[in-house]
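Model the full assembly from the supplied sequences, consistent with the hints where possible.
Those sequence lines, one after another, are chains X and H.
In terms of the working numbering, the first sequence is numbered consecutively and its last residue is 265.
In terms of the working numbering, the second sequence is numbered consecutively and its last residue is 302.
Only true hints are included.
Covered stretches of chain H, going by a simulated chain X footprint (3 or more residues, C-beta under 8 Å): (1) 20–26; (2) 39–49; (3) 109–120; (4) 124–133.
Simulated from the structure, these hints should not be mistaken for lab results.
Yeah, the Cβ is synthetic: ideal placement off N, Cα and C, and Gly gets one too.
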Amino acid sequence: MTESIVVENVTKSFTMRYHRTIKQMSIARVRGQEISDTFLAVDDVSFRVDQGESIGLMGLNGSGKSTLLKLINGVMKPDAGSVLTRGRIAGLIATGAGFHPQLTGRENVFLNAAILGMTEKETKAKFDAIVEFADVGKFLDLPVGNYSSGMFARLGFAVAVHTDSDIFLVDEVLAVGDRPFKRKCIARMEEIRATGRTLFYVSHAPGSVRKMCERVLVLEKGRLAFDGPTDEGIKFLHYDDSDEDDDNTEEPDDLGADI
Amino acid sequence: MGQAGPVPDGRLTPPSSTGGLLDVFRRRYVLKLLVKREISARYQGSVLGLLWSYIQPLTRFILYFFVMGIILDLREIENFGIHLFAGLVLVSYFTDTFSAGTRSIVRNKAIVQKMAMPREMFPVASMLVSLYHALPQVVILVVACLGVGWQPDGTGFLAVLLGFSIIAVLGTALALLFSAANVFFRDFSNIVTTLTTFAHFSVPMMYPFTLVEARFGAANVPFYLANPLAEAVLLMQRGFWTTTTADPAATAVEHMPDHLFTRGLVHLGISLVLLVVAQLVFRRLETKFPERL
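The following block contains the structure:
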């Protein structure tokens, strides 16, 4: 089996600065306060993903999921260890995928697709499909800064799902869409999965993770705490004692807990 | 990048961009879109739009021409207007690149924080946009030269090319360095504004180069010429100004420093070295961009 993502002993820390101006910094120094502090967001994480696998990445808020996803996506570089991927990566990291607020939807589609590695010809060929999926109507030629957060995310998602990628990353983007759009997204993600592409899905919703993924990684304070089958992973997180997510059981295609 | 498909044939590679400036030119299509975007976005929301690219150098030209040429009476320089404008085109190109380039990363933080791409793209795009704005000014300059009787020569053409190359390389290098620094401390964009003011007075455009020797002495001229901007402006004047005067050869001897081209090539070499250094510094700082923006 071909490996798609290889993460080896990856560590990423952030420097937090409490003071930005010289005045604040000198006052802090006189008072003996900390000027900066480091925070380990991802701590010595290693795992391998085969081509075509669907991985659910779970963990509490602040456990380092988004940082790990940014490391795989290439927006961030690890401080130590290595991240290697095979093929083109697309996906959505947080809501809105690096759109420029001053550009129109149309211009952003082309720019975004180009950054994802598509050529002008490929983008033109897929443009209609992207617009139809995004369903932003006459807003297409307005600056995306004027979009509602839902439209913004829909357009971003539309570009990402239409990119010919080998690895597809999804991060909590579904939280902003309305129900019909979520259904459309899930259908599209299943299509992506069916074509044998690697899917990397960050979610808090056990229902959709169970549906989409056969393997789950759980992060706890930046460390990889669990790596194994989906059901066990959800049990590990205690997300299965369903006192709050009843709506997942009564309506299997709902992604409401995706917040 | 591997072909899309169930089993990509590519190798395992780091997902983040590692090629730096080389990657920028490998992905020209993205660069093209960014440049186009910048061109339309730089004056977005203004009624006069692109015209500002001409109004600013024009008002500066009128101001300098009036103060220097008329009040301080430097019109003894033959074709003072061309002497001034030839320098101004190049200096404006430099200051545009420098100031827009410095702000480029912070201004594009939406993309920098969320998409993997060579971030060198943004300063380079700023440089190309400034070049795009500089070219029509060159056209105006050529028209003015033809108006006063221009005898262009091949050496002059090479001089202009060398002058522009120095500024392009130097401007990109400084834009890379300062755009990265600006992410950490926004003070840098203010520092650049201050520096660009110096740029206008550090070059022999509103005063003749001969004045430098007259005021500071021949021994200090090499220090003056150590400024790549001054050298580039002189090259520009070699191309456009000396060849419009009554006796180009005599003007060149009187107003151009010795070893004009050798000095120019040395400056180009130093600028290229600076570009490499800037790239290395940028690469180091870049890893902290997403968290500091």
